[in-house]
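*Asks:* Fit chain C to the known structure of chain W by using the hints.
Take a look at the letters that make up each chain.
2 protein chains.
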Amino acid sequence: MRFSINRDRFVQDVQNVTKAVSSRTTIPILTGIKIVADHEGITLTGSDSDISIETFIPLEEEGTEIVKIEEQGSIVLQARFFAEIVKKLPGENIELIVQDQFATTIRSGSSVFNLNGLDPEEYPRLPQLEEDLLFRLPQDMLKNVIRQTVFAVSTQETRPVLTGVNLETDEGVLICTATDSHRLAMRKTTIEKNDEGLTFSNVVIPGKSLTELSKIIEDNNELIDVVVTENQVLFKMKNLLFFSRLLEGKYPVTKSMIPTQSKTTLRLKTKPFLQTLERALLLSREGKNNVINLKTLESGLVEITSISPEVGKVTENIETHMQGEEMRISFNGKNIIDALKVIDSEEIDIVFTGAMSPFVIRPIDHDHYLHLFSPVRTY
Amino acid sequence: MRFSINRDRFVQDVQNVTKAVSSRTTIPILTGIKIVADHEGITLTGSDSDISIETFIPLEEEGTEIVKIEEQGSIVLQARFFAEIVKKLPGENIELIVQDQFATTIRSGSSVFNLNGLDPEEYPRLPQLEEDLLFRLPQDMLKNVIRQTVFAVSTQETRPVLTGVNLETDEGVLICTATDSHRLAMRKTTIEKNDEGLTFSNVVIPGKSLTELSKIIEDNNELIDVVVTENQVLFKMKNLLFFSRLLEGKYPVTKSMIPTQSKTTLRLKTKPFLQTLERALLLSREGKNNVINLKTLESGLVEITSISPEVGKVTENIETHMQGEEMRISFNGKNIIDALKVIDSEEIDIVFTGAMSPFVIRPIDHDHYLHLFSPVRTY
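Note that the protein sequences, when read in sequence, are chains W and C.
By full-length UniProt numbering, the letter at position 259 of the first sequence is numbered 259, and the numbering carries on one by one without gaps.
By full-length UniProt numbering, the letter at position 85 of the second sequence is numbered 85, and the numbering carries on one by one without gaps.
The hints are simulated quantities; they were obtained by calculation from the structure and are not laboratory data.
Any given hint could turn out to be false.
Which copy? The list can't say, so a pair holds if one copy fits it or any two copies do.
Only pairs whose alpha carbons sit at most 30 Å apart, straight line, appear in this in silico BS3-like list of lysine-lysine [unchecked claim]:
1) 334 - 19
2) 87 - 295
3) 334 - 87
4) 193 - 236
5) 334 - 68
6) 208 - 263
7) 255 - 87
8) 313 - 88
9) 255 - 88
So here's chain W without its partners, still in its complex pose (with noise of 0.2 Å):
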């Protein structure tokens, strides 16, 4: 194999597939990066094997050459290594050249490494999908979805499905869920589809996969096409591949926990409310507990609270606007702070349906996300 290639696009595509490489695989040709040039360009691949990521280069983009291949070949390079040379060469190209033994040059400016790489042959190839379930999103759609509900995934592995993001559909809609059983995050969008009719449900994406994703696509509204699998799921960007395997086992039917009645509701300015909580989260992180207070006082204020036996007590009054009945209930400020950090609407309710019943907060002014909290027992 011997091509030369633009240092900065290079660099760009490498580091996109190193993110799917971890250190502590147990297989080791996976530390590598596959790194493929045949006669349309170069195709580089990372896996961990519960992520893989494939970018392609091509010879040129917009009548610019990017890449020039002398002999087509493939080489496995170590990730970590590979990405932090690739970074640092001086020079505004890179020449690699993989000669007897996988022994591989590159050359760049005045520099010249000399790596031991890897048998190609023994790198895993990716699942071939059969492309049935397919829909499509804008790529910004599709990140402020992931980062609504991601953060709300589970981080205990008691039970295994619950670290991921349920995907659904219903009445054509997408409906992505995520719930640790504490709290739930759920987020609606439409969808385009080639076959009106298609309807799934139980599509559970590892929270730790959609992360990585978020990471990659860019914030425009170019669409992307999202393949679903029986055991895994594909997102297809121009040049860009991104697998993932699905959660096994059955996601909770959520649907039934959201309250549709009210006793309480209470309309506050979201980024204020946020602020408050934080204050009060000062204190309450302290007993580790998290623990804040709401009570519903006279005159259209709202108290929150919050105790740290050793250190003190912080109080504050905020203005709200209320419907219903007086209201006195504790909670895990965190979550709700984590939920008011992704909500983009100025304002919300918060919809109680008693002291000791799950409630729920939701932009004012439409439908698409709503996040359901349990509340905390502090007697």
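*Replies:* Only chain C this time, still in chain W's reference frame:
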């Protein structure tokens, strides 16, 4: 005690004194910061018994009222909480009230914190220093002196005196030296003195103290007063005092270590040489010994190489202007990189006296600083 104060100004000073507070102290009162309100303004103190910082906030500055004292007094509050709380308070002003039993109320905007304070009488008094041994230098100069020396102090506690930077005078010039016995950084600077005959030596300031001081002093040329006593040093700025204990023990005589002869001198451009070494370090770091090899070639080139048996080899040829004999030497690349990063001159000379002897790196345009390194034996 009862006073109100401008929040932004208070936040800044609370953060400054908190830099001296360690959470790992064995003296409980030192986890707090001391706040004193008297008729002149507010004094804040933080200390970990090695470093102490005292700041003063006057009643008004440039005609603007900053503090309004309603009742004089003092209190000690938990530094970690207090610093976070004042940073997050919603109002433009903060009101602080101490009642019985050190119960402290902090009000700002809609927020009310009730904190358990500690007895200010228990807080240790700061040392009272005789202001005999005093010199002055601009803040930005001091910041540079610290930056260009402190990285070279020892991190090993086997010879405690080497964990500090040594200050001494030589013919009216201040000389600052740091060494971990493998490398040495030396920085000279002129100082202003009250007593023209001022001389001192073996004033060893802990590296950690200087690193903290460096975060506080500003990038301007206002003069800073330095008071040196038997076992303390005090840096006096406008409204801020920074005390540090001095290290005990005899600092090694380093002047005689610096070679005055040269067998080979290489002139190199600082930044390209630094980048070459950073690339070479990518591989030598792997073996955890950081060894980089340098060899002069014919025709005005220097070859830099490093090898990691598992990963591979890197070779780079760079241009130089050479005087003297051909040369081959190995060194700890990380140490050289550390030094090159703090050299502000565009070109340097590396002065060798033999493959097994210490060598010097110095800027070509002045003699304010030099760096000395031991070579590494590779056979």
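*Asks:* Now tell me, hint by hint, if it's right for this structure.
*Replies:* Do the hints match the structure? See the list:
no.: 1; hint: 334 - 19; result: both (29 Å within a copy, 27 Å between copies)
no.: 2; hint: 87 - 295; result: between (55 Å within a copy, 25 Å between copies)
no.: 3; hint: 334 - 87; result: between (38 Å within a copy, 19 Å between copies)
no.: 4; hint: 193 - 236; result: within (14 Å within a copy, 70 Å between copies)
no.: 5; hint: 334 - 68; result: neither (53 Å within a copy, 36 Å between copies)
no.: 6; hint: 208 - 263; result: neither (37 Å within a copy, 58 Å between copies)
no.: 7; hint: 255 - 87; result: neither (48 Å within a copy, 41 Å between copies)
no.: 8; hint: 313 - 88; result: between (52 Å within a copy, 15 Å between copies)
no.: 9; hint: 255 - 88; result: neither (51 Å within a copy, 37 Å between copies)
Violated hints, listed in ascending order, are 5, 6, 7, 9; each of the other numbered hints is respected by the structure.
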